[in-house]
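Visitor: Please model the complete structure; the sequences and the hints are all you need to start from.
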Amino acid sequence: MEIHLPSLPMMEIFSYLDAYSLLQAAQVNKDWNELASSDVLWRKLCQKRWLFCDMVTLQLLGTETWKQFFVFRTWQEHAKSRAIREDFIYKEIPAEYGVRAHPCYISGRGLTRNGQGRPVVCMVTSVNRISTWDIQEGVLTWVSPVQQVGIKLLTTLPEMHIAVTVDIQSTIKLWDCHNSEALATSNLESPCKLLKAVFTKDGPMVLIGDTLGNLYIFRIPDLHLISKLKVFQCSINELNCSPQKKWIFLNRKHPHILPKVFYMSSLLRTSEFSAPVSTILKFSLCQRAFWIPRMEDRITLMSIRRTQKITKFITFDMKLKEIQNKMTVKEQFVASFSVPDDMGRPKWFGVSGKDVIVCSTGSSLLLFNIKGVYLQTIMYYTDWILRLWMDPIYVIVTFNNGSLVVYAWEERCRQLNRCYRLQSRRRLPQQSFINKTLCDDMSIIRVMTTHSIPSFLMAYILTSDL
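Numbering (UniProt numbering), first residue to last: 1 to 466.
Please keep in mind that the hints were generated in silico from the structure rather than gathered at the bench. Hints may be right or wrong, so weigh each one.
Unchecked claim - Calculated cross-link-like contacts (lysine-lysine; reagent style DSSO-like; alpha-carbon spacing at most 30 Å):
hint, residue 1, residue 2
1, 347, 282
2, 91, 246
3, 309, 321
4, 152, 253
5, 321, 246
6, 228, 330
7, 309, 347
8, 201, 246
9, 309, 48
10, 326, 347
11, 173, 152
12, 245, 354
13, 319, 354
Unchecked claim - Label pairs and their calculated CB-CB ranges:
hint, residue 1, residue 2, range
14, 184, 24, 44 to 52 Å
15, 225, 330, 23 to 31 Å
16, 168, 408, 35 to 43 Å
17, 227, 381, 47 to 55 Å
18, 78, 138, 42 to 50 Å
19, 400, 184, 25 to 33 Å
20, 334, 143, 20 to 28 Å
21, 13, 309, 51 to 59 Å
22, 24, 82, 19 to 27 Å
Even glycine gets a Cβ: it sits at the ideal position worked out from N, Cα and C.
Guide: Below, the structure is given as structure tokens:
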């Protein structure tokens with residue numbers, strides 16, 4: 001005999017399920033299917049997994065229901081693991097359009113089943129103009145007028161098709177990459193060191209670190225100054241936001257200056273907080289930091305003590321507490337370990353959602369859990385690793401010969417599964433450098449610099465008929 005519960009209690013029960021369990025519940029009967037397909041449930045899952053879903057509509061995302069969007073977006077994310085080398089198209093941006101600043105994605109859509117999605121990047125050219133390129137077609141889609149002052153830094157917000165630049169006179173400009181003139185401008189009091197555009201729960205923002213140790217936060221699209229904060233007595237070297245932009249990690253790479261973490265809301269809602277909420281991480285000589293994907297409060301730091309030949313990793317959880325109506329944050333130690341010197345000296349690293357640390361040591365990858373338990377070594381022998389790129393699903397390793405290897409995380413264990421290797425289509429000079437690697441659901445783009453020719457882009461674009 002079937003038991004029929006009222007809709008409200010059933011919705012409450014379903015609200016505790018993950019996506020896979022909701023899909024299973026929808027198979028029980030017609031009533032359950034209707035409830036388990038509710039936009040209320042699936043929008044919450046989308047917002048939890050992809051922060052930008054808070055600010056957009058289904059019409060903008062191109063689907064009719066949040067369930068459809070979740071299923072489709074997940075299909076997008078895993079497309080590269082289903083691919084083979086033959087599924088990629090190779091393109092290059094012509095060398096005569098030299099790259100002056102690191103390019104960034106400006107397109108807000110990834111791989112689509114109907115082939116409509118295309119990777120578009122924004123860059124600053126050698127003639128001091130901002131331009132956008134359709135990478136798949138290899139064509140210029142928009143270009144700004146020549147700027148009178150040299151552009152120093154570029155960042156983008158792909159979900160809004162917006163680019164932000166800072167020039168050598170510390171002028172900030174916001175562009176929609178359609179019109180010839182900037183939508184908004186503002187000025188800094190000192191030279192800009194770091195530039196990042198992010199989506200927060202309070203809307204899109206621009207984060208800037210300057211050479212005097214100040215952090216600025218400007219609102220998009222009018223570049224209104226929300227807050228300015230003195231973080232260090234000297235320049236900020238590193239600025240990282242947690243996955244859902246709850247926290248900001250700031251670091252000055254100096255043996256006597258410790259990194260700090262700020263609670264984002266305390267910087268954006270200045271009327272609600274008497275002072276910024278922050279904590280100092282007691283970990284000196286920090287070289288790099290990585291927020292754990294889909295674990296909003298967890299961060300892993302790496303330090304290198306060259307005189308002692310020791311590389312150390314440490315993991316903290318950020319904990320918010322309210323004491324006497326005042327919000328405070330305290331770091332909670334989780335785990336730490338040192339890499340033995342005979343295993344090599346890590347240079348780049350990342351951490352998976354399963355607390356697995358991946359680090360590169362010259363010609364090998366090492367995998368540990370956050371407590372230091374050894375898990376896996378991947379050797380390349382003659383190839384030298386230049387960079388390591390990670391997200392919750394993939395690890396991409398780039399090499400000095402222009403090639404790259406794509407790995408996916410094993411579902412049932414904490415190891416990497418090799419998907420394929422992509423080779424460069426041109427012979428590279430010996431003095432070649434990969435300055436940056438970009439990756440979205442349908443493309444992998446590398447910025448190549450050589451001494452003999454101008455910078456150029458190498459792009460591998462995934463076809464849509466997988």
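Visitor: Determine for every hint whether it applies to the structure shown.
Guide: For each hint, the structure was consulted:
| no. | hint | verdict |
| --- | --- | --- |
| 1 | 347 to 282 | holds (21 Å) |
| 2 | 91 to 246 | violated (37 Å) |
| 3 | 309 to 321 | violated (38 Å) |
| 4 | 152 to 253 | holds (21 Å) |
| 5 | 321 to 246 | holds (14 Å) |
| 6 | 228 to 330 | holds (22 Å) |
| 7 | 309 to 347 | holds (13 Å) |
| 8 | 201 to 246 | holds (8 Å) |
| 9 | 309 to 48 | violated (41 Å) |
| 10 | 326 to 347 | violated (40 Å) |
| 11 | 173 to 152 | holds (12 Å) |
| 12 | 245 to 354 | holds (20 Å) |
| 13 | 319 to 354 | holds (20 Å) |
| 14 | 184 to 24: 44 to 52 Å | holds (48 Å) |
| 15 | 225 to 330: 23 to 31 Å | holds (29 Å) |
| 16 | 168 to 408: 35 to 43 Å | holds (42 Å) |
| 17 | 227 to 381: 47 to 55 Å | holds (50 Å) |
| 18 | 78 to 138: 42 to 50 Å | violated (27 Å) |
| 19 | 400 to 184: 25 to 33 Å | violated (41 Å) |
| 20 | 334 to 143: 20 to 28 Å | violated (48 Å) |
| 21 | 13 to 309: 51 to 59 Å | holds (55 Å) |
| 22 | 24 to 82: 19 to 27 Å | holds (23 Å) |
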